[in-house]
Amino acid sequence: MVGAYFLGSAAVFVLGEEALLFAAGDDEPRRVGVHGGAILTAACDGERVVTGGDDGKIVSTNGDVTTVEIAADPKHRWIDHVAIAPDGTVAWSAGKDAFVQPRKSEPRKLEAPSTVGGLAFAPKGLRLAIAHYHGVTLWFPNAEAAPERLEWKGSHVDVTFSPDGRYLVTAMQEPTLHGWRLVDGKHMRMSGYSAKVRSMAWTADHKALATSGAPQLIVWPFQGKDGPMGKQPRMLAPAEHQVSMVACHPQKEVTAVGYEDGLALLVRMSDGAEVLARRPGGSPVSALAWDSAGTTLAFGTEDGEAGVINLS
Amino acid sequence: MTDKITADKIPVTVLTGYLGAGKTTLLNRILSEPHGQKYAVIVNEFGEIGIDNDLIVGVDEEIFEMNNGCICCTVRGDLIRIIQGLMRRKGKFDAIIVETTGLADPAPVAQTFFVDQEIGRKAKLDAVVTVADARWLKDRLRDAPEAKNQIAFADVILINKTDLVGDADLREIEARIRAINPYARLHHTQRCAVPLAEVLHRNAFDLDRILDVEPQFLEAGDDHDHHHDHADDHHHGHDHGGLKHYHDEDMQALALKTDRALDPDKFFPWIQNLVAQEGKNILRSKGILAFKDDPKRFAFQGVHMMLDGDHQRDWRDSEKRESRLVFIGRELPESMIRKGFEECAA
Numbered sequence: 000m001v002g003a004y005f006l007g008s009a010a011v012f013v014l015g016e017e018a019l020l021f022a023a024g025d026d027e028p029r030r031v032g033v034h035g036g037a038i039l040t041a042a043c044d045g046e047r048v049v050t051g052g053d054d055g056k057i058v059s060t061n062g063d064v065t066t067v068e069i070a071a072d073p074k075h076r077w078i079d080h081v082a083i084a085p086d087g088t089v090a091w092s093a094g095k096d097a098f099v100q101p102r103k104s105e106p107r108k109l110e111a112p113s114t115v116g117g118l119a120f121a122p123k124g125l126r127l128a129i130a131h132y133h134g135v136t137l138w139f140p141n142a143e144a145a146p147e148r149l150e151w152k153g154s155h156v157d158v159t160f161s162p163d164g165r166y167l168v169t170a171m172q173e174p175t176l177h178g179w180r181l182v183d184g185k186h187m188r189m190s191g192y193s194a195k196v197r198s199m200a201w202t203a204d205h206k207a208l209a210t211s212g213a214p215q216l217i218v219w220p221f222q223g224k225d226g227p228m229g230k231q232p233r234m235l236a237p238a239e240h241q242v243s244m245v246a247c248h249p250q251k252e253v254t255a256v257g258y259e260d261g262l263a264l265l266v267r268m269s270d271g272a273e274v275l276a277r278r279p280g281g282s283p284v285s286a287l288a289w290d291s292a293g294t295t296l297a298f299g300t301e302d303g304e305a306g307v308i309n310l311s
Numbered sequence: 000m001t002d003k004i005t006a007d008k009i010p011v012t013v014l015t016g017y018l019g020a021g022k023t024t025l026l027n028r029i030l031s032e033p034h035g036q037k038y039a040v041i042v043n044e045f046g047e048i049g050i051d052n053d054l055i056v057g058v059d060e061e062i063f064e065m066n067n068g069c070i071c072c073t074v075r076g077d078l079i080r081i082i083q084g085l086m087r088r089k090g091k092f093d094a095i096i097v098e099t100t101g102l103a104d105p106a107p108v109a110q111t112f113f114v115d116q117e118i119g120r121k122a123k124l125d126a127v128v129t130v131a132d133a134r135w136l137k138d139r140l141r142d143a144p145e146a147k148n149q150i151a152f153a154d155v156i157l158i159n160k161t162d163l164v165g166d167a168d169l170r171e172i173e174a175r176i177r178a179i180n181p182y183a184r185l186h187h188t189q190r191c192a193v194p195l196a197e198v199l200h201r202n203a204f205d206l207d208r209i210l211d212v213e214p215q216f217l218e219a220g221d222d223h224d225h226h227h228d229h230a231d232d233h234h235h236g237h238d239h240g241g242l243k244h245y246h247d248e249d250m251q252a253l254a255l256k257t258d259r260a261l262d263p264d265k266f267f268p269w270i271q272n273l274v275a276q277e278g279k280n281i282l283r284s285k286g287i288l289a290f291k292d293d294p295k296r297f298a299f300q301g302v303h304m305m306l307d308g309d310h311q312r313d314w315r316d317s318e319k320r321e322s323r324l325v326f327i328g329r330e331l332p333e334s335m336i337r338k339g340f341e342e343c344a345a
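Sequences listed follow chains V and A, in order. The first sequence begins at 0 in numbering that gives the first Met the number 0 and counts up one residue at a time. The second sequence begins at 0 in numbering that gives the first Met the number 0 and counts up one residue at a time.
Please note that a few of the clues may not be correct.
[What the hints assert, rightly or not] Stretch-level coverage of chain A by chain V, calculated; a stretch enters the list once three of its residues show a Cβ under 8 Å from a Cβ in chain V:
1) 75–84
2) 188–196
3) 260–266
[Stated by the list, open to error] Derived lysine-lysine pairs resembling DSS-like cross-links, with alpha carbons at most 27 Å apart:
4) V/K152 / A/K291
5) V/K74 / A/K91
6) A/K37 / V/K74
7) A/K279 / V/K95
8) V/K95 / A/K265
9) V/K74 / A/K279
Simulated from the structure, these hints should not be mistaken for laboratory data. Glycine included, each C-beta is placed from N, C-alpha and C at the ideal position.
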């Protein structure tokens, strides 16, 4: 399972190969073929799910289960990452090349200094962060200005903007996060993890970043003018196995936490109280998603088990 | 130190060899012979593989340094990405083959499996297979450090194009290889014709198999005639009952053995310190250890500064409880290593 999302009331599971699975109500889940091979990456803006595959295609699927091929790499390269901007612009990467496809014009390309490790759009304005070896490139695809480079030694494999757009955080090949305060480029080192951080999510109040990478939920504070600089993260919901996936509730201070042994918990951020969402068993939790009302949780595991839990 | 779930790990064979040695020939053979196995193949962007298959992926080799305080720790960033992607199609193939460029150092590939936890959980390094050109290897060992690294790292070596050299030359090449790496399995081939079982699914990196192969060269006996051969100013050789015996001037294998039980509290700090100090020069290390009052064999192996080890099965009654250690590397401080090892006795 590559990811889980909600389009309206339907839970959409992105399978490891070829298809999406739409599950709505009590109906039999509907399988929708989107790629000719492995699905490597997915993103969702609440209106559509965009996927990239090893067939070199970027495909968009709407809530009404119609699919559109956004682009195909002429050399059939793997599409490693996709991202969707607030205005619906789609970005993807194949090897070192990052592409942006605005809704009504030709795609634009930027070559990164090395293979792209992750993509993220800023919350406002059309600005794309491209993570790569030794740093991040910030690109305004509609502007002529040269892209800006944020440097930090090492391989950056994922990237996210804080919801207020003030901070940029990357996950690295080493078990650590790196962050920049964008106004002055000040570095933030967020270390102490025991595993590579594969999952990051911002809390509903935008004040904290919840991550995997340890056998407990790690929560970095981002309120105040210095963000997490000089502060310790909170550590909640300790368990026997590593956390593999996190998803923050859309309104409440609750985070869904998936573990490598298949366990999933709902964790209240204020006091760390836990509610069991799924018993351990099977492969690591690899997908978690809340619907927009925050009453339904979809989960998926690495080996393809999936489910929807109604919490209302 | 290692996790036990190895059953469904995908084996990965790393194929190295200097430019023109015959890697592509071997790869084409693996992909076209009827063996009932399906391979996902990661080839370098500039390869010339003539077979179209959706499980063949072209990559640019990207060597990433790790910020883990280990000066020689590099990994193949592209491999991490590609193997993660291939794992989405688990079940569609039985094994992965990684072809490196002719100038590649095998260390970053091997270290990738030690360093990346996700890759280590899903895939395991099966063997490093090196194709060597019978006609040119001697020259390359002299002028190309990459070629020497590829020999030093290998678990299996194909001396290819043997039809282009005479018997005497072939024996000499073999002796030169043995001087660098006495532990690899050697095969003489033409057009890389070798039973594929000799190349694939070797389990050479499996801790259970470590040091199973007795170093032929070290066991060759000591009744040597000293015919020193100074035709080549970089090497000297002497005959061992027909097998020429060379010492490579900068790359050696160092084998240590003791039947005195070791003290783990002395051994681990010693070996960790040794690879921290000398890891840059130690390409590979392997060992089977007998600790005092420990019924189980302990096996470890390493690549440069990375070490991985675990307890294996019990020592058998019929088995001699001895500890054996092997280092392959450049300018190894032999007397220091021997002395340090001796001091690890319980």
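Against the structure, the hints come out as follows:
| no. | hint | in the structure |
| --- | --- | --- |
| 1 | 75–84 | holds (count 6) |
| 2 | 188–196 | violated (count 0) |
| 3 | 260–266 | violated (count 0) |
| 4 | V/K152 / A/K291 | violated, 44 Å |
| 5 | V/K74 / A/K91 | holds, 23 Å |
| 6 | A/K37 / V/K74 | holds, 24 Å |
| 7 | A/K279 / V/K95 | violated, 30 Å |
| 8 | V/K95 / A/K265 | violated, 47 Å |
| 9 | V/K74 / A/K279 | violated, 39 Å |
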